[in-house]
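Peer 1: Protein chains in written order, with our numbering: chain U, 1 to 79; chain Y, 1 to 585.
The set of hints was computed from the structure by calculation and includes no laboratory data. Treat the numbers as computed from the prediction; the structure is a model and nothing was measured. Backbone N, C-alpha and C define an ideal beta-carbon position, used for all residues, glycine too. Hints may be right or wrong, so weigh each one.
[Unchecked claim] Where chain Y lies over chain U, by a calculated footprint (3+ residues, C-beta under 8 Å):
no.: 1; region: 8 to 14
no.: 2; region: 42 to 52
[Stated by the list, open to error] Some, not all, of what chain U presents toward chain Y, calculated at C-beta under 8 Å:
no.: 3; residue: THR20
no.: 4; residue: THR27
no.: 5; residue: GLY28
no.: 6; residue: ILE29
no.: 7; residue: LEU32
no.: 8; residue: VAL33
no.: 9; residue: LEU55
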Amino acid sequence: MKSGGSLSIWFFTGLCLGVTGALIFATGIYELVNPPVEKVVLYELHANIWWGAVLLISGLFFSLKFSPARERARMSGKS
Amino acid sequence: MNLALLLSSNTLVHLSAVDIAIIVFYFALVLGIGLYLKGQANTGEDFFMAGREMTAWVAGLAFLSANLGSLELMGWAGNSYKYGILAAHWYWIGAIPSMLFLALVMMPFYYVCKTHSVPGYLKLRFGPGAQTISSVSFAFMTVLMSGINMYAMAVVMKVVLGWNIHFSIIVSSLTVAAYVALGGLRSAIFNEVLQFFLIWAGALLIPILGLIEAGGWNGLQAKILHNLTELNVPNPGSYTHLWSTLGNFNSNPMGINWAGIVFGLGAVIAMGYWTTDFLVVQRVLSAKDLRSAELAPIIGAAFKMMVPLIVILPGLLGLALLRDPHTGALIRLVPANIAWSDAGQAQGLHGYDEVLPLMLARYCGPGLLGLGITALIAGFMSGMAGNVSAFTTVVVYDIYGTLINKNATDEKKVHLGRRWTIWGVLISIGTAYLAARAPSIMDYVQALFSFFIAPLFGTVLLGMLWKRATPAGGWTGLLAGTLSSVGMYTWVKLDPNAVRYVALSMDAQDQAQNMFRALWCCLICVIVTVVVSYLTTPKPDSELKDVVYGLTPIPKTEHVSIFHSPVFWGAVVAVIFVILQIIFW
Numbered sequence: 001m002k003s004g005g006s007l008s009i010w011f012f013t014g015l016c017l018g019v020t021g022a023l024i025f026a027t028g029i030y031e032l033v034n035p036p037v038e039k040v041v042l043y044e045l046h047a048n049i050w051w052g053a054v055l056l057i058s059g060l061f062f063s064l065k066f067s068p069a070r071e072r073a074r075m076s077g078k079s
Numbered sequence: 001m002n003l004a005l006l007l008s009s010n011t012l013v014h015l016s017a018v019d020i021a022i023i024v025f026y027f028a029l030v031l032g033i034g035l036y037l038k039g040q041a042n043t044g045e046d047f048f049m050a051g052r053e054m055t056a057w058v059a060g061l062a063f064l065s066a067n068l069g070s071l072e073l074m075g076w077a078g079n080s081y082k083y084g085i086l087a088a089h090w091y092w093i094g095a096i097p098s099m100l101f102l103a104l105v106m107m108p109f110y111y112v113c114k115t116h117s118v119p120g121y122l123k124l125r126f127g128p129g130a131q132t133i134s135s136v137s138f139a140f141m142t143v144l145m146s147g148i149n150m151y152a153m154a155v156v157m158k159v160v161l162g163w164n165i166h167f168s169i170i171v172s173s174l175t176v177a178a179y180v181a182l183g184g185l186r187s188a189i190f191n192e193v194l195q196f197f198l199i200w201a202g203a204l205l206i207p208i209l210g211l212i213e214a215g216g217w218n219g220l221q222a223k224i225l226h227n228l229t230e231l232n233v234p235n236p237g238s239y240t241h242l243w244s245t246l247g248n249f250n251s252n253p254m255g256i257n258w259a260g261i262v263f264g265l266g267a268v269i270a271m272g273y274w275t276t277d278f279l280v281v282q283r284v285l286s287a288k289d290l291r292s293a294e295l296a297p298i299i300g301a302a303f304k305m306m307v308p309l310i311v312i313l314p315g316l317l318g319l320a321l322l323r324d325p326h327t328g329a330l331i332r333l334v335p336a337n338i339a340w341s342d343a344g345q346a347q348g349l350h351g352y353d354e355v356l357p358l359m360l361a362r363y364c365g366p367g368l369l370g371l372g373i374t375a376l377i378a379g380f381m382s383g384m385a386g387n388v389s390a391f392t393t394v395v396v397y398d399i400y401g402t403l404i405n406k407n408a409t410d411e412k413k414v415h416l417g418r419r420w421t422i423w424g425v426l427i428s429i430g431t432a433y434l435a436a437r438a439p440s441i442m443d444y445v446q447a448l449f450s451f452f453i454a455p456l457f458g459t460v461l462l463g464m465l466w467k468r469a470t471p472a473g474g475w476t477g478l479l480a481g482t483l484s485s486v487g488m489y490t491w492v493k494l495d496p497n498a499v500r501y502v503a504l505s506m507d508a509q510d511q512a513q514n515m516f517r518a519l520w521c522c523l524i525c526v527i528v529t530v531v532v533s534y535l536t537t538p539k540p541d542s543e544l545k546d547v548v549y550g551l552t553p554i555p556k557t558e559h560v561s562i563f564h565s566p567v568f569w570g571a572v573v574a575v576i577f578v579i580l581q582i583i584f585w
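When you get a sec, could you build the whole thing from the sequences and use the hints?
Peer 2: Below you can see the structure in the form of structure tokens.
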């Protein structure tokens, strides 16, 4: 999306998903090693590991594809 | 609601350090976006219309997100617990046909006449009378909605997390004020797109894990039937059927029939909301060209069809799966006024609207819980930002720019826009505390829609499609429709037996009453407009160019392949919509 600058909304989206996903994934790994006393329903599926990984990968995809460097290159190519 | 109880220490969930880190990161990010975009909101077109340079995807996702606030998420999850799958009508027939109608029929008008707002269109079509009624009522509605959103969120944060109610209101509203005042509509849209992804990331796990636990859709249906039969709930089988129980008023949990859903919801409330509520239309008007403006509501419609997955399904899962972990007894959620009363709190009761947080707490451990709570906060702030940015545009362009200073410079408008953003937030804080005194929040919200949106749709539709409609017909019809809606609402409040006349049945619940009241007031608006128009002199055709169908040359969009055509994708969405109705019939 043209935003008037070199940072796209998709870059911010990627940043948000990536950081959140990394935190959730890391928490899932920690819980795998140190299982909590009070477990949520379906804890055995370890949703925080695979869901965190999905968010992290999506975040990395958006952040890299719409990185400020690529946006600048794209905009200079247009002008 | 009893404030003392809201300040009690009973909370549904407890946040860990990683949950708090996710929430803090989100707040820092939205403020950072506001600061980044400050330098790009220097003209009125930038501040109020985001420079009209949004792509179809961004405008479409913002169009949908502006409606996907946390009041919507938790309210409709609660309604699906209360009414069953009938609540999905508000996402399907109550959204998809009207979004397609906006895209393919109405958007060209809005786009061609380059209006800044829906009241602005009414000025072009009917003159300042209709514009004044519409802009004043819209400004009034947006600050009320913004305040109600704010208060509802603060209450939920109090009940779910134990946060201080004033803390929630002040922190969230200051954040919204900062990023909208800095970056205008562009900043609001950026955050709406961000919120769209956060909501899906935070809420999609609930239906996935819920369906695994329930044994798929068939297992879910069987469990709901079993549980409701055990609780002696009437018509237990009707909770998972969309249309087959709408033959009679008394054979479904909502007390409504198919006519109320099709005409009251689909033809009036939904058409009115999605095509004339400036809050959502403003997002589409920011599109960079006509094809993007037509595609944006279609993209929004495609995603809207999927929202029941994260809103309606959790409510149904609550009906099927919520049991006391210690006794194994079924947990039955109750109306909020009972749950939050002294007696209700003492018994540990939960309200309908708590079903989504309850399901969140059921499946989400540290990290995932923070994401889910962040999604709810993002939804709240986005809903509030949407109302505040629309309020600011209407105040600056349609009230100040029309009634007070017609020659205001662009620079002055941007300056006023920033200032009125702050005022909008401050007034919203006031209305939030006003909402705290109301016995039922959702009752107020739905009443507001039927007062202002339903008659407005009648006026805008006649204005666009019927060139004989006159300025006098326009504003008298709008005024008659609004007053008749307020009148019917007051009549039922004063005499509950009047429900049999307004909603055609004593079985009609709140939502059914809203649908029929909207239908009648829209019809009254149309009839008054037609009668007064025939009694007064119409505008000459030359003055109606660009504002009436048939007198407006619609610019041809560039020749594109079928896969880039709005009509093609509109047809695809329509077919999927029909298939969904058949599957869940």
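Peer 1: Run every hint past the structure and note whether it holds.
Peer 2: Each hint tested on the structure:
no., hint, in the structure
1, 8 to 14, "holds (count 3)"
2, 42 to 52, "holds (count 7)"
3, THR20, "6 Å, holds"
4, THR27, "4 Å, holds"
5, GLY28, "7 Å, holds"
6, ILE29, "11 Å, violated"
7, LEU32, "11 Å, violated"
8, VAL33, "14 Å, violated"
9, LEU55, "6 Å, holds"
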